[in-house]
Amino acid sequence: MTQPSSFEQRIESDIHQLAAEIKRNREHPEFQHEGERSLIKESLRAFPRPDPSTTSATPQRAATARSPLPAYVDGASPEVKLEIEYLLDVALKHGISKALSESQKSPYFVQDAFHDALAGALYPELQKRGIVK
1 MTQPSSFEQR IESDIHQLAA EIKRNREHPE FQHEGERSLI KESLRAFPRP DPSTTSATPQ
61 RAATARSPLP AYVDGASPEV KLEIEYLLDV ALKHGISKAL SESQKSPYFV QDAFHDALAG
121 ALYPELQKRG IVK
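Position one of the sequence shown corresponds to residue 1 (our numbering), numbered consecutively onward.
If you are wondering where the hints come from, they were derived from the structure by calculation, not from laboratory data. There are no misleading hints in this set.
Now the in silico label distances, taken between C-beta atoms and shown as ranges:
1) E27 - G75: 32 to 42 Å
2) K105 - H33: 28 to 38 Å
3) S77 - R24: 30 to 40 Å
Lysine-lysine pairs mimicking DSSO-like chemistry, simulated, CA-CA at most 30 Å apart:
4) K93 - K105
5) K81 - K105
6) K81 - K133
7) K41 - K23
8) K41 - K81
9) K93 - K41
10) K128 - K41
11) K81 - K93
12) K41 - K133
13) K23 - K105
14) K128 - K23
15) K93 - K128
16) K93 - K23
17) K81 - K128
18) K41 - K105
19) K93 - K133
20) K23 - K133
Note that CB positions come from ideal geometry on N, CA and C, so glycine has one too.
Starting from the given sequences, assemble the full structure and let the hints guide the process.
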């Protein structure tokens with residue numbers, strides 16, 4: 001039997017942390033009437049971020065990555081779309097914390113679009129696991 005890769009372990013760890021944050025947010029009255037994707041997005045905002053001064057070199061951008069970009073990004077420049085796709089790639093390869101830390105260097109529009117795209121990308125898996133409806 002093969003052991004899970006560090007990638008799989010990191011994603012599982014991130015999903016467990018995110019599930020705990022979703023559960024915590026679901027208990028707050030201000031989130032009682034929020035949609036599931038909004039709940040995921042808000043939970044991502046509270047996700048722990050590593051100290052940027054202690055992280056190693058930035059990974060190369062993935063120019064060919066396909067991602068679930070939100071519709072409002074359609075009119076954005078190719079550079080903005082690439083930056084969001086890069087952050088999604090970082091989240092999948094190096095963990096959500098690293099990607100959120102990396103996103104702090106980006107303009108707010110990119111950060112917000114990244115949160116939306118990440119919430120959209122994680123939603124099916126979280127739904128499958130019964131974490132969200």
